[in-house]
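**Q** Read off the chains here:
2 protein chains.
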Amino acid sequence: MPEEQLRQLMYGYGYEPHFVTVSDPSATEAAHRDFAAVLDTCIDDIHALQDAARTSPAGADAGATRWPMIVLRSPKGWTGPAVVDGNPVEGTWRSHQVPLSEIHTNEGHLRQLEDWMRSYDPGSLFTEAGELRPEIASLAPRGDLRMSATPYANGGRLLRDLVLPAYADHAVEVSHPGAEKVSPMITVGGYLRDVIERNPHNFRLFGPDETASNRLSAVYEVTDKVWQPRIEDVDEHLARSGRVMEVLSEHLCQGWLEGYLLTGRHGVFNCYEAFVHIVDSMFNQFAKWLKVHRTLSWRMPIASFNYMLSSHVWQQDHNGFSHQDPGFIDHVMNKKADIIRVYLPPDANTMLAVTEHCMQTRDTVNVIVTGKQPTPTWLGPEEAHLHVRRGIGIFGFAGSEEPGVEPDVVLGCAGDVPTLEAVAAAGLLKAAIPGLKIRVVNVVDLMRLQDSSEHPHGLSARDFDTLFTTSKPVVFAYHGYPWLIHRLTYRRTNHENLHVRGYKEEGTTTTPFDMAMLNQIDRFQLAMDVIDRVPVLGATQALFRQDLQDQRQRAWQYTRDAGKDLEAITGWTLDESSPDDAK
Amino acid sequence: MPEEQLRQLMYGYGYEPHFVTVSDPSATEAAHRDFAAVLDTCIDDIHALQDAARTSPAGADAGATRWPMIVLRSPKGWTGPAVVDGNPVEGTWRSHQVPLSEIHTNEGHLRQLEDWMRSYDPGSLFTEAGELRPEIASLAPRGDLRMSATPYANGGRLLRDLVLPAYADHAVEVSHPGAEKVSPMITVGGYLRDVIERNPHNFRLFGPDETASNRLSAVYEVTDKVWQPRIEDVDEHLARSGRVMEVLSEHLCQGWLEGYLLTGRHGVFNCYEAFVHIVDSMFNQFAKWLKVHRTLSWRMPIASFNYMLSSHVWQQDHNGFSHQDPGFIDHVMNKKADIIRVYLPPDANTMLAVTEHCMQTRDTVNVIVTGKQPTPTWLGPEEAHLHVRRGIGIFGFAGSEEPGVEPDVVLGCAGDVPTLEAVAAAGLLKAAIPGLKIRVVNVVDLMRLQDSSEHPHGLSARDFDTLFTTSKPVVFAYHGYPWLIHRLTYRRTNHENLHVRGYKEEGTTTTPFDMAMLNQIDRFQLAMDVIDRVPVLGATQALFRQDLQDQRQRAWQYTRDAGKDLEAITGWTLDESSPDDAK
Numbered sequence: 001m002p003e004e005q006l007r008q009l010m011y012g013y014g015y016e017p018h019f020v021t022v023s024d025p026s027a028t029e030a031a032h033r034d035f036a037a038v039l040d041t042c043i044d045d046i047h048a049l050q051d052a053a054r055t056s057p058a059g060a061d062a063g064a065t066r067w068p069m070i071v072l073r074s075p076k077g078w079t080g081p082a083v084v085d086g087n088p089v090e091g092t093w094r095s096h097q098v099p100l101s102e103i104h105t106n107e108g109h110l111r112q113l114e115d116w117m118r119s120y121d122p123g124s125l126f127t128e129a130g131e132l133r134p135e136i137a138s139l140a141p142r143g144d145l146r147m148s149a150t151p152y153a154n155g156g157r158l159l160r161d162l163v164l165p166a167y168a169d170h171a172v173e174v175s176h177p178g179a180e181k182v183s184p185m186i187t188v189g190g191y192l193r194d195v196i197e198r199n200p201h202n203f204r205l206f207g208p209d210e211t212a213s214n215r216l217s218a219v220y221e222v223t224d225k226v227w228q229p230r231i232e233d234v235d236e237h238l239a240r241s242g243r244v245m246e247v248l249s250e251h252l253c254q255g256w257l258e259g260y261l262l263t264g265r266h267g268v269f270n271c272y273e274a275f276v277h278i279v280d281s282m283f284n285q286f287a288k289w290l291k292v293h294r295t296l297s298w299r300m301p302i303a304s305f306n307y308m309l310s311s312h313v314w315q316q317d318h319n320g321f322s323h324q325d326p327g328f329i330d331h332v333m334n335k336k337a338d339i340i341r342v343y344l345p346p347d348a349n350t351m352l353a354v355t356e357h358c359m360q361t362r363d364t365v366n367v368i369v370t371g372k373q374p375t376p377t378w379l380g381p382e383e384a385h386l387h388v389r390r391g392i393g394i395f396g397f398a399g400s401e402e403p404g405v406e407p408d409v410v411l412g413c414a415g416d417v418p419t420l421e422a423v424a425a426a427g428l429l430k431a432a433i434p435g436l437k438i439r440v441v442n443v444v445d446l447m448r449l450q451d452s453s454e455h456p457h458g459l460s461a462r463d464f465d466t467l468f469t470t471s472k473p474v475v476f477a478y479h480g481y482p483w484l485i486h487r488l489t490y491r492r493t494n495h496e497n498l499h500v501r502g503y504k505e506e507g508t509t510t511t512p513f514d515m516a517m518l519n520q521i522d523r524f525q526l527a528m529d530v531i532d533r534v535p536v537l538g539a540t541q542a543l544f545r546q547d548l549q550d551q552r553q554r555a556w557q558y559t560r561d562a563g564k565d566l567e568a569i570t571g572w573t574l575d576e577s578s579p580d581d582a583k
Numbered sequence: 001m002p003e004e005q006l007r008q009l010m011y012g013y014g015y016e017p018h019f020v021t022v023s024d025p026s027a028t029e030a031a032h033r034d035f036a037a038v039l040d041t042c043i044d045d046i047h048a049l050q051d052a053a054r055t056s057p058a059g060a061d062a063g064a065t066r067w068p069m070i071v072l073r074s075p076k077g078w079t080g081p082a083v084v085d086g087n088p089v090e091g092t093w094r095s096h097q098v099p100l101s102e103i104h105t106n107e108g109h110l111r112q113l114e115d116w117m118r119s120y121d122p123g124s125l126f127t128e129a130g131e132l133r134p135e136i137a138s139l140a141p142r143g144d145l146r147m148s149a150t151p152y153a154n155g156g157r158l159l160r161d162l163v164l165p166a167y168a169d170h171a172v173e174v175s176h177p178g179a180e181k182v183s184p185m186i187t188v189g190g191y192l193r194d195v196i197e198r199n200p201h202n203f204r205l206f207g208p209d210e211t212a213s214n215r216l217s218a219v220y221e222v223t224d225k226v227w228q229p230r231i232e233d234v235d236e237h238l239a240r241s242g243r244v245m246e247v248l249s250e251h252l253c254q255g256w257l258e259g260y261l262l263t264g265r266h267g268v269f270n271c272y273e274a275f276v277h278i279v280d281s282m283f284n285q286f287a288k289w290l291k292v293h294r295t296l297s298w299r300m301p302i303a304s305f306n307y308m309l310s311s312h313v314w315q316q317d318h319n320g321f322s323h324q325d326p327g328f329i330d331h332v333m334n335k336k337a338d339i340i341r342v343y344l345p346p347d348a349n350t351m352l353a354v355t356e357h358c359m360q361t362r363d364t365v366n367v368i369v370t371g372k373q374p375t376p377t378w379l380g381p382e383e384a385h386l387h388v389r390r391g392i393g394i395f396g397f398a399g400s401e402e403p404g405v406e407p408d409v410v411l412g413c414a415g416d417v418p419t420l421e422a423v424a425a426a427g428l429l430k431a432a433i434p435g436l437k438i439r440v441v442n443v444v445d446l447m448r449l450q451d452s453s454e455h456p457h458g459l460s461a462r463d464f465d466t467l468f469t470t471s472k473p474v475v476f477a478y479h480g481y482p483w484l485i486h487r488l489t490y491r492r493t494n495h496e497n498l499h500v501r502g503y504k505e506e507g508t509t510t511t512p513f514d515m516a517m518l519n520q521i522d523r524f525q526l527a528m529d530v531i532d533r534v535p536v537l538g539a540t541q542a543l544f545r546q547d548l549q550d551q552r553q554r555a556w557q558y559t560r561d562a563g564k565d566l567e568a569i570t571g572w573t574l575d576e577s578s579p580d581d582a583k
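First to last, the sequence lines map onto chains A and B. 1 is the number of the first residue of the first sequence in this note's numbering; add one for each residue after it. 1 is the number of the first residue of the second sequence in this note's numbering; add one for each residue after it.
Hints in this document: simulated from the structure, not taken from any laboratory. Any given hint could turn out to be false.
Note: identical chains are not told apart, hence a pair may lie in one copy or across any two.
[To be verified] Here are the simulated lysine to aspartate or glutamate pairs, EDC-like style, with alpha carbons at most 16 angstroms apart: (1) K181 <-> E29; (2) K336 <-> E506; (3) K430 <-> D547; (4) K76 <-> E180; (5) K76 <-> E232.
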């Protein structure tokens with residue numbers, strides 16, 4: 001690119017470019033002098049800009065500040081062999097890989113390599129014995145100034161635990177299971193507000209312009225979004241400094257948080273679930289880095305990378321098929337089990353307890369997926385905390401099992417919408433088939449489904465079999481692609497009786513319950529699945545099954561006629577459908 | 001962003017910006033006039049540039065051409081309500097979502113909405129009965145000029161079948177299985193060269209500067225890389241026009257090929273396997289589009305999107321852990337089965353037959369993964385063609401089964417390196433345990449593993465059971481993450497006897513055989529797996545198993561001492577290890 005065009009581009013991005021152009025490859029010393037001079041100029045410029053900013057009136061347009069940028073234009077393969085086998089190499093595309101590829105067989109190549117290496121004057125750097133000369137070695141910094149030892153490159157050394165707000169101050173009191181419909185994301189927004197207030201210097205919230213859309217606006221009660229250009233009167237929550245970093249680039253959010261963690265601080269990246277795939281490849285590299293980092297004894301642990309994914313596949317408001325993709329969970333789970341954690345809190349209190357836990361972890365990637373819409377709060381503060389510590393557990397209030405008797409069927413669930421549908425399905429079954437013993441198992445920590453030999457959070461075979469039985473049908477409603485549950489459980493004793501419903505890439509701009517029906521994880525379908533799978537039911541419950549089909553058809557038709565869900569669905573509560581209360 | 005800065009940015013990108021700035025929101029007619037005038041100017045400028053290019057000497061610096069760009073700066077929410085509930089809305093961030101959110105309950109909001117809608121003067125557009133006025137309707141284009149009907153937006157109408165070269169002209173003759181070590185990518189490079197020669201106007205090859213690195217350089221015998229800036233004397237294969245589109249941006253390659261297919265042409269995106277994750281999110285949207293496109297009767301089928309992934313996880317030359325990620329296959333398989341195809345050709349001839357097939361498909365996404373290093377060619381031209389048509393098959397030459405007798409063990413394999421290791425493992429076993437009946441099953445079309453009810457390419461239960469038996473151990477060596485094979489087969493009769501080896505995120509910059517050992521898919525490990533899984537072996541073959549362990553340890557140590565693989569590994573051929581030939 002011509003220098004003038006490059007200058008315009010840098011200007012356009014708001015930088016003041018300084019060019020160092022090496023036009024004569026042999027004039028290395030002149031180039032070094034030029035570069036040193038430009039470095040000095042830039043440092044002076046930076047100091048001048050800083051001084052001006054410190055004395056300028058608050059609110060001045062910081063966006064008008066042009067920070068210096070150095071553009072070094074050196075020949076490709078500079079100082080390497082100029083010509084090889086008659087072809088120009090230095091300064092051309094031929095320097096891209098191995099300029100001398102036949103050193104084992106070609107005497108000329110070998111000699112060129114030797115000349116090249118000798119051009120660095122090794123005699124001035126090394127002794128005859130091949131050791132670095134003491135006067136050179138002494139130039140290297142010592143102690144914490146060494147590149148690998150400086151706390152600025154080994155952020156774990158600077159890491160301080162977060163001062164966390166009290167869980168109890170934010171948890172939702174519930175008189176009975178499902179009584180309070182609360183948004184998990186709004187609840188955690190209040191918690192994050194207090195995290196920011198208590199940790200004003202080492203916590204930041206990152207997101208692609210979705211903090212409000214993901215219902216975390218409470219943070220703006222105590223901080224602002226960082227904004228450098230001009231701030232208009234009409235703008236809200238924008239300031240020169242703040243703890244919220246928003247930019248409509250998932251790539252930038254990912255990179256910012258990675259860097260922030262590496263300097264020993266803490267953070268959360270909140271994102272629409274479907275669009276976090278944009279950083280799949282960046283996540284891969286970070287996960288690979290984290291795996292290796294954990295093996296290096298001198299590297300200190302850093303705070304975990306927390307993804308908080310909402311606006312998820314099942315609740316889309318005015319968005320549609322393009323916004324529906326729960327596959328980031330599948331993507332992260334290909335990486336080393338040691339570093340990957342996935343949580344699907346089914347309600348506000350479990351979301352809070354999961355978040356509190358993740359804020360204290362180190363050297364892992366935590367993926368938390370939950371909804372932003374009001375959802376029944378199934379568990380009270382203490383129960384939710386215990387449930388999250390276990391990672392998996394029986395929702396006794398939702399089932400109908402009796403102590404000492406193995407249940408007839410297990411209804412598994414993971415995710416907020418699937419849990420609601422599973423609890424509602426259990427209610428339908430309990431009301432219609434009083435003798436049926438149903439167990440509802442909720443999974444918050446998805447890795448509990450794996451064997452303890454495969455994942456640090458995995459359940460032992462004994463624990464798994466106790467929860468899911470060794471021979472009874474398991475109907476499982478899952479937030480994401482259903483085959484992931486099979487992948488996690490294929491070695492389990494009872495796997496052949498496991499039937500999973502989940503998102504199977506059917507969607508459009510429609511109501512939440514229609515989304516459930518399109519993908520067959522709705523309460524009616526789950527109840528029908530139970531009838532189909534439990535041997536003692538089947539033909540004996542054909543009339544009830546037909547009734548479920550008809551209820552489903554009515555709900556289906558209503559969405560198409562009215563453009564919304566039936567009041568019987570949206571207004572459903574555990575109380576009304578519970579046979580105990582209905583009597 | 002200030003206009004001057006934006007102008008510099010556009011200049012930097014090589015455009016000539018024309019600004020239309022609406023400073024007075026109420027002056028809509030003036031804005032329309034301004035915009036129309038700028039449009040006229042730009043069309044004139046484009047014609048002038050085209051005329052100049054046509055008359056300029058060849059080789060002039062096309063990069064210096066500044067194409068016009070229109071920058072329309074209009075108020076956000078332009079013509080919407082100016083103020084709502086005392087807050088300014090038009091021209092502010094408040095226009096981003098729903099400016100009047102309470103029309104059902106707030107009389108003032110409803111009236112503002114009515115005023116806003118009436119500002120479009122509906123009486124001039126619609127009759128009293130609510131129909132579009134004939135004089136307005138008549139402005140709409142007819143026939144092929146309708147937006148949805150024009151062939152330029154429904155590219156399938158313009159699609160012509162490719163004129164394909166003869167498969168036989170490129171297939172490798174092999175005297176016996178594995179006799180010729182040939183690079184699958186170099187072989188297909190010659191084929192693609194002939195595709196380009198025969199189809200000079202409707203086929204392009206896209207890639208992020210990796211066409212040569214992925215060994216497809218043969219295409220440069222008949223075409224060049226498109227390059228608009230100055231072309232230097234030292235440059236090779238660059239020209240103003242050509243069929244190879246290279247840019248080091250996977251995003252741009254993905255977008256270019258999507259657009260090219262949509263205009264009714266054909267193409268291939270060749271990419272390093274690990275880095276194609278960069279376009280995960282773009283792939284998602286394209287796959288969703290394709291799913292819907294197939295349901296619209298008026299949309300004509302387009303050519304399939306072909307990913308050709310090489311430089312894969314098992315063969316990295318000088319690259320390492322960062323370049324190892326076979327998870328794109330997992331990612332694409334979450335999308336609708338109807339449109340997803342995944343092929344893992346084990347050698348040059350199968351690669352050729354797969355490519356020939358993919359070039360003729362419509363409305364699918366084909367992912368082809370194979371290596372660029374010389375690999376034994378297992379099948380002759382006709383056998384390879386039949387194998388690819390089947391998608392899965394028994395490598396009779398590699399096993400030791402007898403007609404009419406069920407094998408003792410099945411060695412499954414998918415991918416070039418896993419196939420080599422599986423064939424070598426079978427050779428080790430045949431030589432040491434003469435009576436053992438081994439079947440080697442190779443999978444080219446990964447979707448064959450799924451049930452026919454789940455994927456159009458799926459095998460019926462009967463066919464699957466015939467190949468993999470219903471009760472014998474299956475040791476499977478797979479190219480990617482091993483759990484994918486479980487996900488595809490968990491419903492199969494014999495699934496509980498299936499044991500899969502694959503990439504488990506262990507890697508570094510090392511030799512190919514060390515990579516296999518690090519992830520335990522090497523021939524020695526596979527042979528040990530067979531001993532461990534076949535009930536009649538086990539304790540009776542402890543000495544042979546110990547010998548395998550020792551051979552493995554020697555190979556392991558040699559890589560660390562010598563920095564390369566043992567000659568016994570790199571020089572291994574089927575002949576030498578085959579007991580039949582050795583006798």
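**Q** What are the numbers of the hints that this structure violates, sorted from low to high?
**A** Violated hints: 1, 4; rest satisfied.
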